[in-house]
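**Student:** Which chain is which? The protein sequence lines are A and B, in order.
In terms of the working numbering, the first sequence is residues 1 to 656.
In terms of the working numbering, the second sequence is residues 1 to 656.
No lab work stands behind these hints: they were computed from the structure.
Just so it is clear, the structure is predicted and the values come from calculations on it, not from any experiment.
By construction, the Cβ of each residue, glycine as well, lies at the ideal position given by its N, Cα and C atoms.
Accuracy of the hints is not assured; some may be wrong.
What the hints assert, rightly or not - Below, in silico cross-link-like pairs of lysine to any residue (SDA-like), each with a Cα-Cα straight-line distance of 25 Å or less:
hint: 1; chain 1: A; residue 1: Lys187; chain 2: A; residue 2: Gln467
hint: 2; chain 1: A; residue 1: Lys611; chain 2: B; residue 2: Leu369
hint: 3; chain 1: A; residue 1: Lys564; chain 2: B; residue 2: Leu369
hint: 4; chain 1: A; residue 1: Lys427; chain 2: A; residue 2: Asp279
hint: 5; chain 1: B; residue 1: Lys617; chain 2: A; residue 2: Gly610
Said to hold, decoys possible - In silico negatives: residues of chain A with every beta carbon more than 10 Å from chain B:
hint: 6; residue: Leu13
hint: 7; residue: Lys36
hint: 8; residue: Lys52
hint: 9; residue: Arg96
hint: 10; residue: Asn245
hint: 11; residue: Thr581
hint: 12; residue: Gly612
There are 2 protein chains.
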Amino acid sequence: MDILYYVLFTAILALGVASVNYVLVSRQSSGTPKMKELSDIIHKGALTFLNKEYIVMIAFVIVAFCGLFFFINKQIAFAFVCGSFFSALSGQIGMRIATKANAKTAFAAQKSLNSGLRIAFSSGTVMGLAVVGLGLLGITVLYTFFHFAPAVIYGFGFGASSIALFARVGGGIFTKAADVGADLVGKVEKGIPEDDPRNPAVIADNVGDNVGDIAGMGADLFESYVDAIIATMVIGFGMSALPGNKGVLLPLILAAVGIISSIIGNFFVRTKEGSNPNDALDIGVFVASAVMAIASFFIIRFYTNSYTLFFSTFAGLISGIIIGLSAEYYTSAHKKPAQQIARASQTGAGTTVIQGLANGMFSTIIPILAVCAAIYLSYRFGGGLYGIALAGVGMLSTLGITLATDTYAPVADNAAGISEMANLGEKVRARCESLDAVGNTTQAIGKGFAIGSAALTALALFVSYIQVAHLTALNLTDPLVIIGIFLGALLPFVFCAFALQAVGKAAYEIVNEVRRQFKEIPGLMSGKAKPDYTRCIEISTNAALKQMIAPALITVVTPLLVGKFLGVESLGGLLVGSTATGFLLAVFMANAGGAWDNAKKYIEEGNFGGKGSFAHKAAVVGDTVGDPFKDTAGPSLNILIKLISIVSLICLPLFM
Amino acid sequence: MDILYYVLFTAILALGVASVNYVLVSRQSSGTPKMKELSDIIHKGALTFLNKEYIVMIAFVIVAFCGLFFFINKQIAFAFVCGSFFSALSGQIGMRIATKANAKTAFAAQKSLNSGLRIAFSSGTVMGLAVVGLGLLGITVLYTFFHFAPAVIYGFGFGASSIALFARVGGGIFTKAADVGADLVGKVEKGIPEDDPRNPAVIADNVGDNVGDIAGMGADLFESYVDAIIATMVIGFGMSALPGNKGVLLPLILAAVGIISSIIGNFFVRTKEGSNPNDALDIGVFVASAVMAIASFFIIRFYTNSYTLFFSTFAGLISGIIIGLSAEYYTSAHKKPAQQIARASQTGAGTTVIQGLANGMFSTIIPILAVCAAIYLSYRFGGGLYGIALAGVGMLSTLGITLATDTYAPVADNAAGISEMANLGEKVRARCESLDAVGNTTQAIGKGFAIGSAALTALALFVSYIQVAHLTALNLTDPLVIIGIFLGALLPFVFCAFALQAVGKAAYEIVNEVRRQFKEIPGLMSGKAKPDYTRCIEISTNAALKQMIAPALITVVTPLLVGKFLGVESLGGLLVGSTATGFLLAVFMANAGGAWDNAKKYIEEGNFGGKGSFAHKAAVVGDTVGDPFKDTAGPSLNILIKLISIVSLICLPLFM
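So here's chain A without its partners, still in its complex pose (with noise of 0.2 Å):
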């Protein structure tokens, strides 16, 4: 059991390394008292949705700890508080920093390109690190404690996927609706530009950005990271091939190396004035993906006396990097699909939307190549069943680097808008604006690394619920298999459209927010009073928390139905029908939106005619159905997935 003192050892390490880049990011200075009362204010209404949401969080985890409590077993309901404040927690220290680096960032790029580069993407480490560290620690603390029976730690990731569903449907409905509310009173209305501090709706905007980028994706790659280390452990408990509890404790020995590995990369992020900070991340990332497919060859070399689980481990790491790089490909601005909507923008506004929808469409055919890929190779090489679920730890080894790429994305974004508001000069715009373009790469690559992850863990989940069920067939002959694979296709559909419509029904509560306090406080329009900011966060919360109880319970509720009134199999055949549509419709609407966004950034540059031209107006269009797009239905769908696989691992005592 000594290797479990080494892993718990890692998770602390990656711990303690989070802290000196929390206490080291913290001491920097924030600049212009204008520069500090700008990050306050995103700061403060950042908190304030945190502490919003988490109030009816707590009282949903008291009712879910309940019911498992008394219906299913104790232990699960333990490890499902844990899970859930673990996950809470890592969001919260992400949400804490990030919203305070972006000044300090904009103020170090002052000094230097690379001073910029390195406190932004310090404040992600802190989030990278303390999920995959909570992650781990977790697992291995419960692991430990349950007497080493892997199946009770699905609470732990039931508990992170409870947080998930708060932060990205709650999350993403929030983020959408504040930002529609703000354009269609600010905007539209009053003729006030974006980002004007005059719109109360604007720092809900802001505060939606982090929220969106940080609390929602950590959670979401919490869930995934813990969900698919624990899938391999259960499934690997009691396996033949490998011999005593190797099979167990595998997913956690390379867990540890991936955090090693990240930890490694971290160090490999300096930029000088004039490169592109791209490059940067870039190199980062290659080098931990680099030791950590060297360093788990040799480990499972020597470990398991073979090298076959380490193609598992291998295809999982390559095919997690393709999808990320095919969603750049599909959305970014320089490169084809974007500006073939671009170029439609200049037949209309329906050309626009029609392109767009076709590019996310072809947009699914690499990700479901790669993860078939990945699947048929840990398969046919790797070692069987296990080593799929091993593709999945195997994506999401390096999380620690990869995650904080994503996480420094909003806060370059924000950087780049205080040193534009602050007046830091042209030279220090521009450091920033370069950090904020790099942001945009980063995060495309994140949405589809997110995404080709949600799929493998629900995937690895679903193995393991043919093993705890103890199916030995589930076939397709059985009309009942069917009929779930039906009902399993049909969510994602009815999933999307709770959460598209429900980003017009929040923004709507918002609009009338708006415009009463412009009717209501005297001066807001001239600049003499200052609106009424917490209130729109609080309403644009509540809101969203409104409308997210329509998909969570659909998802919570389906396959307690089907498990109960059409069986343990037909349950199965649901998992893999909202599996694969889920993940199509996810890709679909993260690229499509994604590319609208950047089409119309295109055009902005100057291309077809530019900023105010027919093409133009006609991109708005295209972004304006993006924005949900990307940013609420289709991050949702990668919660959707996993969520309904642990509710069917956790409640199979019920249907059996």
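Assemble chain B onto chain A, guided by the hints.
**Tutor:** Below, chain B alone, put in the same frame as chain A:
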């Protein structure tokens, strides 16, 4: 074998009634020379399209025949040619009468509403009965000819599928390319009204409507009809529950009963001045369904000594009706969903598109549940897997009358257009418009029905696939099956992407031709010279045929590759995955498209500011997006899911 004579007699009876109707409609007067001229242009245009398409189709049929003949089975090759010929023949008959009946309907409407209804509906009946008559005739003769071995008749189904591919995919691209091309130059560049005879693409546009709703719909349902019957026969072959060849003959008997029921229903379609002609069509379909239900109850009881299989037939019949009504609800201008979209138009094109997409996704719930219920009931209470296939036959049994109400729609639509262009006066115009309004409802129902029947047919083919491949298990614990499902779920997305993009590319070629004619033909704009309509039809046809190569190729090649390299089990997964996702996407696209169209019409009725308002402009964008959704990509998916199944079935010997 006496029963086969009765079946054969019924098929010939259907063709006889169709012929009588053909002659009766043809003998009616086409009215004034102006009316005749308008009708003639469309009629000749339609034949130009068909003849052009037939040349490519014949080449395709010859190539496929050789492939089947040398690599698969000579009997299948022969059946394939028969299927292609019969499908093409029924399309030819339907198009010929429908494009003549429009002026005759307008002329008859001068006498009374009922006379108009009878002409339009009778011309629809020609198509409806030609499809079921030729379908049943072909199957029965081939079954007898090939010594009662049903599996080779799949060649007949493959022939039907091939023609459907051209009619639906090629036709779908043609109709929207002509539509968009005509609008872009005519309305936008030249500022002339829609349907202006000076526009060189206007006839191509009119022909397109008939192509989509008659040739396309007819070939699609011909394919479903014969595939469902053949699959049930194959599954029933040597089934132990039904002794002898009773399991093989039952679908033929039920199809024959359905034809008689349709002919009886036919006589109940009459209306009075001042009543809604919709009621007349509803009564006709209702009578046919009731007769079918009652007759099948007794026949199944008598023939099988049990009631069980009646549940299957009945479940199929009812679920078809439910899916149709659901499509009507989600698209009608007078129901909530379309009005929600109209309301969303007030805040711009972006919200119009989002609301339409959300509604389209919601609209998948009822059809999926209806199909799942039909599967469940027909399996559990009906006759197992045979029961599921029989549900498809039940759903399609009254096709003779349901297809008639479909084909009625473009006839009534063109009649309304002719009554306006030929100045037949207010009263006649009102009558024709009341007939046209009904057509919109029957079309919505017909589209839903076509999708639902495609899904059930694909399922029947899948069940047959399992049996023919001798698969005792198709296990979801086998990763190759999972990969098959993922790849299957991917196909409809890729297919849709191609279809959406094809419309834009084909429209571009029309735009160039229309511009050329306006430039090179002197006096065209002033109305002194006539445009070259035929050239536009030829160019649309060529462009459509070129653009359908990629999606068609994917549909045929993917099952071959998966079967060859991943095996028969993986191919089974592919069929299930593509059926589930294809069905969902087809419903989503058809209903979203229909709802956008009617939201626009609802605004044009004077709501939310009426024609020319801000809301109307936004609604026009929605309609533009919806056009290729509902008329190209959506209906093409019906073909995709059936064609993949039949290709897999026929090529099975290559993989085993």
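**Student:** Over 10 Å from every CB of chain B: does A:Lys36 meet that, or does the non-interface label fail?
**Tutor:** Holds: least Cβ distance 36 Å, greater than 10 Å.
**Student:** Taken at face value, is the distance from the CA of A:Asp279 to the CA of A:Lys427 at most 25 Å?
**Tutor:** holds (21 Å)
**Student:** Given the hinted pair A:Lys564 and B:Leu369, is their Cα-Cα distance within 25 Å?
**Tutor:** Between A:Lys564 and B:Leu369 the Cα gap is close to 17 Å, so the pair holds against 25 Å.
**Student:** Between the alpha carbons of B:Lys617 and A:Gly610, is the straight-line distance 25 Å or under?
**Tutor:** Measuring from Cα to Cα gives roughly 22 Å; hence the hint holds.
**Student:** So if I understand the rule, the pair passes when the alpha-carbon distance is 25 Å or less; does A:Lys611 with B:Leu369 pass?
**Tutor:** This hinted pair is violated, its Cα atoms lying about 47 Å apart.
**Student:** Classify the label on A:Arg96 as holds or violated, using whether its beta-carbon is more than 10 Å from each beta-carbon of chain B.
**Tutor:** Non-interface label on A:Arg96 holds, nearest chain B Cβ at 33 Å vs cutoff 10 Å.
**Student:** Given the hinted pair A:Lys187 and A:Gln467, is their Cα-Cα distance within 25 Å?
**Tutor:** violated (55 Å)
**Student:** Closest CB-CB distance from A:Asn245 to chain B, is it above 10 Å?
**Tutor:** holds (23 Å)
**Student:** Could you check that no beta carbon of chain B comes within 10 Å of the beta carbon of A:Gly612?
**Tutor:** Since the minimum Cβ distance to chain B is about 17 Å, A:Gly612 lies beyond 10 Å and the statement holds.
**Student:** For A:Leu13, is the shortest CB-to-CB distance to chain B above 10 Å, so the non-interface label stands?
**Tutor:** Answer for A:Leu13: holds, closest chain B Cβ roughly 35 Å.
**Student:** The output says A:Thr581 does not contact chain B. Does that hold with a beta carbon cutoff of 10 Å?
**Tutor:** Its Cβ does come within 10 Å of chain B, the nearest being 6 Å, so this is violated.
**Student:** Verify this label for me: A:Lys52 is non-interface relative to chain B, using a Cβ-Cβ cutoff of 10 Å.
**Tutor:** Given that every Cβ of chain B is farther than 10 Å from that of A:Lys52, nearest at about 26 Å, it holds.
Comparing the model with each earlier hint shows violations of hints 1, 2, 11; every other hint is respected.
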